[in-house]
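J.: Protein chains in written order, with our numbering: chain V, 3 to 215; chain B, 216 to 341; chain Z, 458 to 688.
If you're looking for bench data, these hints aren't it; they were derived computationally from the structure.
Yeah, the Cβ is synthetic: ideal placement off N, Cα and C, and Gly gets one too.
Take the hints with a grain of salt, since some may be wrong.
As the list claims (entries may be wrong) - Which residues of chain Z face chain B? A few of them, derived with a C-beta cut under 7 Å, are:
| no. | residue |
| --- | --- |
| 1 | Lys464 |
| 2 | Leu468 |
| 3 | Arg470 |
| 4 | Thr471 |
| 5 | Asn472 |
| 6 | Ser512 |
| 7 | Asp515 |
| 8 | Met519 |
| 9 | Phe627 |
| 10 | Asp628 |
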Amino acid sequence: MPLMYIARQAELAQKCANDPIQNFKFMQTHADMALQLVDSYLLSLDLKARQMSLELEPVPLSAVLYDVAHELTPLAKQRNTDIELVLAGKYGQVMAHPDGLRAALYGLGFVLSEVVHPKKFRNTLRIAAHRTRGGIVAGVYMDDIGELLRTNKFEQTTFVRQPFTNLTASSGAGIFIAETIFSAMQSRLRAGRFQKQQGLAATLQPSRQLELV
Amino acid sequence: MHILLIEPDTILAQLYIEALERVGHKVSYVRTAEAAIHTADRRRPDVVVLEIQLAGHSGVAFLQEFRSYADWLDIPVILHTVVPPIPLQRFQYSLKEMGIVQQLYKPQTSLKQLVAAVNRCVSIQL
Amino acid sequence: MKRIVTKGIILARTNYGEADRIITVLTPDQGKLRLIAKGVRKPKSKLAGGIELFSVSDITFMPGRKEIGTLVSARLHTHYGDIVKDIDRTMLGYELIKQLNKTTEDEPEQAYFNLLENAFIALNTEHIHRGLIELWFVAQLLKLGGHMPNLQTDTTGNKLAADQMYNFSFDDMAFVRANSSGRYGAAAIKVLRLLFSNNSPQALQQVQGIEQVLKQIESLINTIQKTYIVL
């Protein structure tokens, strides 16, 4: 998608001299997005093909969530979606692969920001973490999509064209990225709920390392 | 001419709308198959530009419904889709039967080509 | 007036007048019916088409004096909803419905209804290969239409041998003995026999290596189809 955005915007921009800075900004944003997604997708294919796992280390979860929210904001804006970052409670570090975690949450946010909501024109996407008995759940959530979510079918996203038909017209590559990466981090992508919203999330284990103050 | 654009991606849609409006067409934009039927009902389009991969009901379901109305049978539909040409190749007969006048593969179709395809439909009708 | 209750699969729909619909329905015991469904389109459709496609419904109708009967009631019996979640399967399902509609006369046997229903079941099952479903359907349609190739003996009347290579004669609808340049061997003939047998796609999917052999025989079946099934 981002590559198509860039190509078509560049085409339009050639015919119109208005606000070149805006045009270049648009192209840069989407070029960066495309690079990130392609990288993540290639990584996921590699992980899947070779059944690899990712090495885990203590990662500051709140910082990762903040980065992801920041990266998704320009795209979300263009899709009439507001981004909210919610950290319910105090978090230290979680055991994860830092780049993998970022890529997984970004992929989820990318797909869910495209949700075609049957009744709303403007969506709110929440990137959130909260503590449970099982660990710390990090995920991406939205209003009123509970019925539209399919559970436990993420492994099909590489084989089925349009696996989340009720939710989005996207091919679901972002879901495939998230599912594969979380799997390689000894976790599992699931449908979940948080503060009356539904979404996709994974449970991460808190780091037992002592933090240096 | 009045174009009905059925496109789930809002960013792409804005680019297509701008390209089409620049050459003088009026565009009604929807994201879903159901909204497309209601919009066509309110104002009959001259041409439909359709993405087959939609959220909810697919473009196939839309075409089934759209073509079941006698007064819409002659409206040309351009398939402008992210679904690659090779998987669609085996369904050529069905697509022709559903009144698809042209198939465009989105990643390889420039705005110029899209506008040209729409203009061709329009000139055939005049 | 006489009312008949049966099951049906919708093959086609046309809107008629302000509020009516004419539907073509395939049934197991009443053949292919054209029925008018009165008053179903107020207001204009909410895309119920997405549900009617790939479903078996319980229907009650009154036969008409001429060709068109009147639909009294229709209730969804089974909806193969997973098909529409995949564009490729949706397109294939639609294609199969079209093929069957075009190739059946007004009084098709129950076997056609069973064929279409089994196709829906297979399409609705994720692990069944789409290519297998498509070739199986065409083979079954050819068989029902009396256009089954000879899969037992070659053009000279000799039994087909496991260690022999063959080419296919479309005029004779049988295999011709060839030397090493023949296209079809034992594996291809075995898979053809399976496709034309009474086995379901689910059963065929269990056959090891079937997907590789399908590629070999795809063009053969498609050519027979183009010869005998006019679309």
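J.: Please write out, lowest number first, the hints stated earlier that are contradicted by the structure.
T.: Hints 1, 2, 6, 7, 8, 9, 10 not satisfied by this model.
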